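Construct the entire structure; sequences and hints are all you get.
Chain by chain, the residues run as shown.
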Amino acid sequence: MTAAAVLAQAVLLGGLAPVLPGVVTRTKSWWAGRRGAPVLQPAYDLVKLMRKRAVYSATTTALFRVAPWTVLGATVVASLVVPLAGPALVSFPGDVVFFAYAWGLARAAMMLGALDTGSPFEGMAASREATFSTLLEPALFLLAGGVGLVGDVDTLGAMVQVRGHDATGWLVWALSVVTLTVLVQVEAARLPVDDPTTHLELTMVHEGMILDHSGPDLAALQYAAGLKLATGLALLAALFVPVGLPPWAAGLATAAGCLALAVGLGTVESLTARLRMRAVPAYVLVALFAAGAAVLASAWHGNGGAL
Amino acid sequence: MLFLLIGAVALLLGAAASLVLRQNRARVGASIGAQVVASVFTLVAVAPVFATGTPLSAEIAWSYPVGTIAFRVDALSAFFLAWSLPLTLLGTIYAGTYLRPDLSGGRNPGSHVALLDLLSLSFLLIYAAQDALVFLLGWEVAAVCAWLLVIWSYRSQKIRFAAFNYLVSTHVGLFVIAAAFMTLRAQAHSMDFAAFGASLSTPGALRDVTFGLLCVAFALKSGFFPFHTWVPRAESAAPAHVSALMSGVIHKAGLFGFLRFTLLLGVPEEWMGWTILAFGATSAVVGALFTTTQRDLKRLLGYSSTENVGIAAMGFGVGYLGLTWHRGELVALGFGAGLLHILNHALFKCLLFYGAGAVSRGADTVDLEHLGGLARAMPRTAALFLIGGLATAGLPPLNGFASEFLLYAALLRSGASGNAAAALIAFGACLAFSGAVSAFAVVRAFGVAFLGTPRAPLAAVPADPGWGMLAPMALHAVAIALLGLVPTLGLALVTPALRLFGPPGTSEAPAAALLTNVGTANLLLAAGIAVPVAVGLWLARRGTVEARAPIPTWGCGYPAATPRMQVTATSFAAPFARLFAAWIPPVVKRVLPQGYFPAGPGLLRSHPADPVEDRIFEGLGEGEKRVTDAFGRVSAEPRAVFAVGLVMLVVLAYLAGGTA
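In the order they appear, the protein sequences are chains A and L.
If you read the first sequence in our numbering, its first letter stands for residue 34, the second for the next number, and so on.
If you read the second sequence in our numbering, its first letter stands for residue 771, the second for the next number, and so on.
What the hints contain is simulated information worked out from the structure, not anything from laboratory work.
Here are the computed distance ranges between Cβ atoms for each label pair:
{"no.": "1", "chain 1": "L", "residue 1": "ALA1241", "chain 2": "A", "residue 2": "VAL276", "range": "55 to 63 angstroms"}
{"no.": "2", "chain 1": "A", "residue 1": "GLY197", "chain 2": "L", "residue 2": "THR1223", "range": "54 to 62 angstroms"}
{"no.": "3", "chain 1": "L", "residue 1": "VAL1357", "chain 2": "A", "residue 2": "GLN74", "range": "48 to 56 angstroms"}
{"no.": "4", "chain 1": "A", "residue 1": "ALA65", "chain 2": "L", "residue 2": "VAL1301", "range": "38 to 46 angstroms"}
{"no.": "5", "chain 1": "L", "residue 1": "LEU1293", "chain 2": "A", "residue 2": "ARG311", "range": "41 to 49 angstroms"}
{"no.": "6", "chain 1": "A", "residue 1": "ARG311", "chain 2": "L", "residue 2": "PHE1367", "range": "31 to 39 angstroms"}
{"no.": "7", "chain 1": "A", "residue 1": "ARG311", "chain 2": "L", "residue 2": "MET1335", "range": "20 to 28 angstroms"}
{"no.": "8", "chain 1": "A", "residue 1": "ARG311", "chain 2": "L", "residue 2": "GLU1383", "range": "23 to 31 angstroms"}
{"no.": "9", "chain 1": "A", "residue 1": "TRP281", "chain 2": "L", "residue 2": "PRO818", "range": "56 to 64 angstroms"}
{"no.": "10", "chain 1": "A", "residue 1": "THR300", "chain 2": "L", "residue 2": "LEU1349", "range": "29 to 37 angstroms"}
{"no.": "11", "chain 1": "L", "residue 1": "ASP1137", "chain 2": "A", "residue 2": "GLN74", "range": "46 to 54 angstroms"}
{"no.": "12", "chain 1": "A", "residue 1": "ASP199", "chain 2": "L", "residue 2": "ASP1137", "range": "55 to 63 angstroms"}
{"no.": "13", "chain 1": "L", "residue 1": "LEU1293", "chain 2": "A", "residue 2": "LYS85", "range": "32 to 40 angstroms"}
Keep in mind it's a predicted model, so treat the numbers as computed, not measured.
A virtual CB, placed ideally from N, CA and C, is assigned to each residue, including glycine.
In structure tokens:
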């Protein structure tokens, strides 16, 4: 891997992180018939936040100051495992486990930061986030197992390049698209699971946990959220990028795919309402069942079509 | 062997000195001193076994009817001895400070610390025994010591009941294990483990039945679901260091017994591997589920033990399948993951129980509904507890991640085909679920106890404990971080034991290759977090201007927020508990206010119930009634009932074996 490839990957993912939320917002404005904020608005917000001072509640401890940057660090390291242009920067057998657990660490840090404020709303949001994640985690591992089985691969970079050679192969591919879509919607806190533009604290999940953060700390959390969205969309986009492209073309195609998917997310957000909080676990189960079906299909594939 | 003998003698002398010395300081000191000597000599004795893999052995001539007693320290024993004694030593050091408030109230710690010495001695017996009789002797010494250690606060009826519950459970296990040994003895005409091996490695119904008996006995000892009900009870009743040692060290004897007999089993049947895997996965999932709703911090940690022994057993199940399928890679990954998880769990679970002990000394309660905001008053305890908690949840870059990673690697990429592969992947998803649930439980427990503000006025003013308690905790935390950042170090510790499980030439290489990558990734993650955190703290310092008045947490426009409005342990778990209400039913007691102007106050009280325990007690009550009805006076003699049960087990085993 050349230095240029490393740089290209870093710039692509790092650059997409603040842009993609802007694209989603712009799409929603377009559907609503408004002109909307510039696509780079999240990036301007980050710059503004970095120049501000943080305000700390008297209830909080040092943990509250460490948590946002832990979230950022863990999210960045997790994103290194994702292939964008050519092979991923960090790739080893079973890296998908590391990826999931690095996100898990970021999630735990975020929830602890929220609980540190003693705010009832933040506690409620953390509780919801934790509940959804318990259902989502098994889905990711089922999917990784199923795709790994059908494609005989063991790294995340190779898994997103598994395409079908027959009907079962394509079925597994389609099911991974479904699973990853729900995964992105839950993990990146998008509709119909969580409304990033809600104004009511009672209904917040991700926004609820960052209510008390401000200044550079909030910037770190916002950037991490954008990076998480970019990482998830890049994984999803990679499923649609033809296998065997040269790195530069694959990088461009993934980036274009991310932007297109962000427009798709915005469209979904414009056309659907948010689910009731109690209905969200059922929606997450869609991912779990799709991933389970992928495992069954790959087992069937391995049995040579017999049960 | 001589060194181990010196260690054993030192422990006996230390125990005796603790009993006869006059001053409390000298009593505790004698116990600790003896354990230091024993730990050092044990480490010296087992070091060559680690290095060369050649077992130490000795025989002691004994009078009729025992004959000679054989001792043998192979790599498996060496692995267990190498951490059991030092961890017990750290626990005893912790106890010296932990018990201090009781001692100033006039209690005599002599017998308590002497028992801790005898506990170490029982490890020497169990782990070095090559003879079923000595094994049972050590087993019984450990059980009785643990029971006596649990009832330190014997004046409380609740604690006596919890300890008695443990004593009964562990002896039910003893009866099952005795039945298994008698069956084996009848085949081998010897109590020597090597002779057991001959009959245990012959396929047939007898082997299947004996294997089943052994599994049940060892599962009872280690607190597997559904034999776990005594664990949270005993561990919430015991002093913190006893809970820690029970959960982290003593219960591991069950897993050791299981592994010891695995070595004698030869090539196992395929159903054995699947059974252990399913059994372990059930414990991991159900144990994790129970941790989510507990109010009592120590009960929560007790359930977490059930979860973690389940994870270790899942590793052994994969190893069994590897042995059956003659797949060296699965043997290395499965047994490697299981053994490594045993060590990792011992480290983080002891740390967490010590943290809970510090909380109970500092705040005078471990009820999560009454705690809150302890991180301000006890910052060191909070930081150490958090490290242990994150390790329990298997989060990188700490040690829990290394062992779980090996297990994931084995389950997700088993190399099996078709249905077997799909089943293994489904078990991987179970592991992922239990991991996410235990992250939930850790965030809840830490968040509610240490963060926010106190939910109820505390009886005591909390403060960090003395160095006698903090230093052992810090040592555990250092080991957790070290085994997380350099997981190959942990693998090096289990490698000699691991090599015993496969056919000669079994190599740890597949696990080593994976863990080298994990180590690099963990270092990357640690650096990737340290740099932004440093930048963030610098930015915060740069911008800080002293506020004129303390700034409150934003109340979302509500001006009269009180600490009682914070999320509580119950309300945090509520959305999750609602999804799994069938598994974790709450017991709710409510008295609702009546009429427009209620005269008395209302009441709402809820606590988590253990459905398994409820059913066991129901079943026992029902069963006792039937037995009483059927046999009139038999149930008045419980010993007779147990003897009848034991004989019946042996007869059943013979019948099953004879019909094969």
